[in-house]
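Engineer: Each chain is listed here by its residues.
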Amino acid sequence: MSARPAPPPSVTVGHKPKGIPSALLGMILFVSSEIMFFGGFFGAYFDVRSQHTVWPPAVPPIEPLEIFPIATILTILLVTSSFTMQAGFFAIRRGDRRGLIRWIKVTLALGAAFLLLQLYDYSQLGFGIRDGIFATFFYTMTGFHFAHVFGGALFLYVIMMQAYRGEFSADDYTGVEAATIYWHFVDVVWIGLFLTYYVLK
Amino acid sequence: MQPASNHASQTRTLYDITFVFAAVIFVIVGGLIVVSAIKFRSKPGDDTLPKQIHGNTKLEIVWIAVPTVIVLVLFVLSALTLGKIDTAEANSMTINVTGFQWEWKFTYPSYTLADGTALAITGVSGPLDAQPGVPASQWPTLGLELNQPVHFHLESDDVIHSFFIPVFLFKRDVIPGHPNDFWLTPDRAGSFVGKCAELCGLYHSGMLFNVRVMPKAEFDQWIQQQLAAFQKAQNACKTPQNGVIQVVAKSIQFNTKCMQVPSNAVTKIDFSNEDPGTPHNIEVYTNSSATTRLTGATGPTNTIVGVSQTTYTIPSGLQPGTYYFKCDVHPGMNGKFVVK
Amino acid sequence: MAVTQVPTELAEPEPSFGARILGWMTTTDHKKIGILYMVTAFLFFLIGGILALLIRSELARPGLQFVSDQTYNELFTMHGTIMIFLFVMPVFSGFANYVMPLMIGAPDVAFPRINALSFWMVPAAGLIMLSGFLVKGGAAAAGWTSYTTLSEQSAQLGEHGQDLWIVGLVIIAAASLLGSINFITTILKMRAPGMTMFRMPIFVWNTLVTSLLGLLAIPVLSAALIMLFIDRNLGGSFFDPVHGGNTILWQNMFWFFGHPEVYILILPAFGIISEVIPVFSRKPLFGYRAFVFATLSIGALSFAVWAHHMFATGAVLLPFFSFMTFLISVPTGVKMFNWIATMWGGKIKMATPMLFSIGFLAMFLIGGINGAFAAVVPVDFAITDTYFVVAHLHYVLFGGSVFAIFAGFYFWMPKFTGKFLSERLGKWHFWIMIIGFNLTFFPMHMLGLMGMQRRIADYPANEGLTGYNEIATVGAFLIAVSILIFIWNFVSTLRKPRTATDDPWEANTLEWATSSPPPPQNFTHLIRVRSERPVFDWREGRKALDQAEKEMQP
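Taken in sequence, the protein lines are chains Y, L and D. Sequential numbering from 1 applies to the first sequence in our numbering. Sequential numbering from 1001 applies to the second sequence in our numbering. Sequential numbering from 2001 applies to the third sequence in our numbering.
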């Protein structure tokens, strides 16, 4: 918390607490900027792709990406984790802090599984970031998504520790809501990546 | 700037129209600013408030509507002229323009040597101020025929340049991986200057060329001179100096079309690839269709990615005769290899 | 409502020098952070200005006299980058930080610690960028737009000035992003009771729209910068056509950010001018709502005009972008007329802030009109990438933004410090600057029309370019003189006693409803707002009341 002394009551009175909490609004704005960030990558990807008749380009030759099994499992993991996080949010809205902690644990486990499996997938792919434009796009976009999942997981971990310390209740769940929004966002980005790289070949 | 092409005159007319609009707007709006700043200064000692006007819907509609009409008119005029100048012209002579750091190359596919090689005009440009500087007489010269439509095809191998001839009131970027085309007809004879208008690195300011627009007879004569000079340059064979031939690959082009080596001595070829990120090599073949390598290898050998250098060794004792060399990556880069 | 002077310094002993430095370094007070932003930005303005003087000195005559081609390329690259990202953006962040919360009656911004973080990222980023001058190969030299593939070449030579440029910009992008989130949340959530959206001062509206533009445009720049970094250092080929990339992609991404960025640089200037002109004309802003809608439509349209920077590439849809470009000039024109109508019929007090505002109107008028030439596509083919464009962008960013910055600074200085800058020196500053500015940049129109292209270290002696270049160089040094006068004015003012009252200009907005300078939490009493000009209404109401009382007495 800020070290500054609290403002005199007369100044804060009238600054309406109603409406969306500032922290939540801040998170929504942050997520919209993140959408533009990934939007930049997606736009760039489709721009370059439209310049090529063969995609991925024939030179250098790279092994095609397989939708099954790893990519599908990754998708299932992350989509499921979105639902478990939402369940945690519903729990705290009911005032069930233990439920929140439990659901965050499940979400974190799914998220960790996603990250580990993604790393395994990277190790199994027959190409690296230097192997042509397709590979560069693939590693850049999934890599930044990976970093965002990792960041989201840290955020969830912090929320969980706060919950252990007794924060959050049926009236005070802004932090949980912000974390949930962020987690849904990384899930949606993954779905975009999954469609781009594995479905719309 | 006196325009020197059919399109330039149209652009110039459009510029003049825009200028009239601009001048009128500047005088009216600027006048309003000056008048209001002078006329409505408060008198000393006058502390009363002026009339508090918050707005006037009618007036505001007027000054939304009037600028909208003005910009629509300008847009239509601009689009009409654009349609005229940004379009292909019939019966045009094609000139391929290649920009590279920091020179230009102009290739005339309609004028060829006996062996079919298109006339290419190069020169020296770049450091404008190095000691000694590059004088205008050494810049490459783009020769154009008066009243003959020209089709410019622009390509770059390294970075983005912009092909700019001020008297034509036109420029078009020269972009690696994105060839551009435009057409115009020069309609004023004379000598002009051409420039690179997009920052392209160290000697961007010196990337200049001469433009000569000539009547037909003079142009034909000029072309013949250029062809003769080009032929001479093509025939000139590089011979070893102290057992070494230096070959440079730049802009997907060797700096020689012929190498001549002795059969009784070892010759080294110092090869320098100056195309950033582009692979080149020099391979000698026994025939011009490039099926049999002199060294007997089966795949591209000693390919280097620029900017870098390597050395090839030509053994002594080769059968005297005429062979061929080329870059395995770019079949267009080739020439004669003579053993004497 | 009566406003009493609040003692800002309590009877505590003066803190030691070290404690004061530490206090500034750890502050989360929006006003102190605002001042830090402004001071930092001004220091970068001086650095960028020195680079500009070097550029002008070199161009005064044909031939290279002072610097090499390489150094010259570094100079204009860093000049552009510094002026845009390290001066104009941060200085407006400074104004918005200081003034905006006061204007809406808030005690601080929504996230004070994030605010401090985003400030401290700026000098760090600036130092990283400038350190390029010390590394092998020098600083970034591919222009502030750093077009590929030129901006990728130096990596092959093991030169990393461009990488430092990328890292610096990514940090600035992150700082601006956090700043945007902070400002939007503050404006949407922390307005005083009665401060409805349509009672907000135009400066606050423009800060809001600027922040929205930053929020949505800057991430695309970050993405592009990261791609450039990957190309340079990790073997990528996003922008390298030889290996399957697309080099025009960089321009599309850069200008998708870059054109909203132009409005990020000018909308806060519009905001400042819209505060200053009504105060000194002693009239309300003419057409407040039209003004707000003009700002909103400029914000929206700014995302659809980026490719007008790329007409000469032959790779964009010309009619669409030309049309949108013409369209965006309409709301800008509306603003110009509203400002003039605000002055019209007023009783103008010609103090220095007003002088700079009128200078802004005149210079921005030229900057708008010469921009129209570039929107006419065939004419753009002739003038793009020439000095005509250099003239245009300086009429907008110097004649526009910088004049507005000084208008705002002379205007708010009494609020920042309780002290007035000298009017006499201020007028000298103004007149020398506007003369120097026009001497520098007006001849550039002619140079551009004569075919002098941008970003050249040197030009041939026989093209008749020398005379105009000499004039431009003289003008540049005149601008430098005016800035020295400003510095002298500022420094000598700091040593003067506090003479400014709460509301010395008889202004309209809430920052004048508290002491000069304001106390740590801005207001000592609850602010209630009932109109667009609360301070005006209180003051005039009080005057009317005094008058009535006087008349009641026999």
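Bear in mind the hints are in silico, worked out from the structure with no lab data behind them. Since the structure is predicted, the reported quantities are computational estimates derived from the model, not experimental observations. Honestly, I wouldn't trust all of these hints.
[To be verified] With a straight-line Cα cutoff of 27 Å, these simulated DSS-like cross-link-like pairs (lysine-lysine) come out: (1) L:K1336 <-> L:K1232; (2) L:K1043 <-> D:K2349; (3) L:K1043 <-> D:K2347; (4) D:K2427 <-> D:K2349; (5) L:K1039 <-> D:K2349; (6) L:K1216 <-> L:K1268; (7) D:K2189 <-> L:K1043; (8) D:K2189 <-> D:K2032; (9) L:K1051 <-> D:K2189; (10) D:K2032 <-> D:K2136; (11) L:K1326 <-> L:K1232; (12) L:K1051 <-> D:K2349; (13) L:K1043 <-> D:K2550; (14) L:K1105 <-> L:K1340; (15) L:K1105 <-> L:K1336; (16) L:K1051 <-> D:K2550; (17) D:K2032 <-> L:K1043; (18) D:K2496 <-> L:K1051; (19) L:K1039 <-> D:K2427; (20) L:K1058 <-> D:K2347; (21) L:K1051 <-> D:K2543; (22) D:K2347 <-> D:K2032; (23) L:K1039 <-> D:K2347.
Engineer: If a hint holds in the structure, say so; if it doesn't, say that too.
Structural biologist: The hints, checked one at a time:
no.	hint	in the structure
1	L:K1336 <-> L:K1232	holds, 14 Å
2	L:K1043 <-> D:K2349	holds, 9 Å
3	L:K1043 <-> D:K2347	holds, 8 Å
4	D:K2427 <-> D:K2349	holds, 13 Å
5	L:K1039 <-> D:K2349	holds, 12 Å
6	L:K1216 <-> L:K1268	violated, 47 Å
7	D:K2189 <-> L:K1043	violated, 43 Å
8	D:K2189 <-> D:K2032	holds, 21 Å
9	L:K1051 <-> D:K2189	violated, 35 Å
10	D:K2032 <-> D:K2136	violated, 38 Å
11	L:K1326 <-> L:K1232	holds, 20 Å
12	L:K1051 <-> D:K2349	holds, 15 Å
13	L:K1043 <-> D:K2550	holds, 25 Å
14	L:K1105 <-> L:K1340	violated, 33 Å
15	L:K1105 <-> L:K1336	holds, 22 Å
16	L:K1051 <-> D:K2550	holds, 24 Å
17	D:K2032 <-> L:K1043	violated, 38 Å
18	D:K2496 <-> L:K1051	violated, 37 Å
19	L:K1039 <-> D:K2427	holds, 20 Å
20	L:K1058 <-> D:K2347	holds, 24 Å
21	L:K1051 <-> D:K2543	holds, 17 Å
22	D:K2347 <-> D:K2032	violated, 35 Å
23	L:K1039 <-> D:K2347	holds, 9 Å
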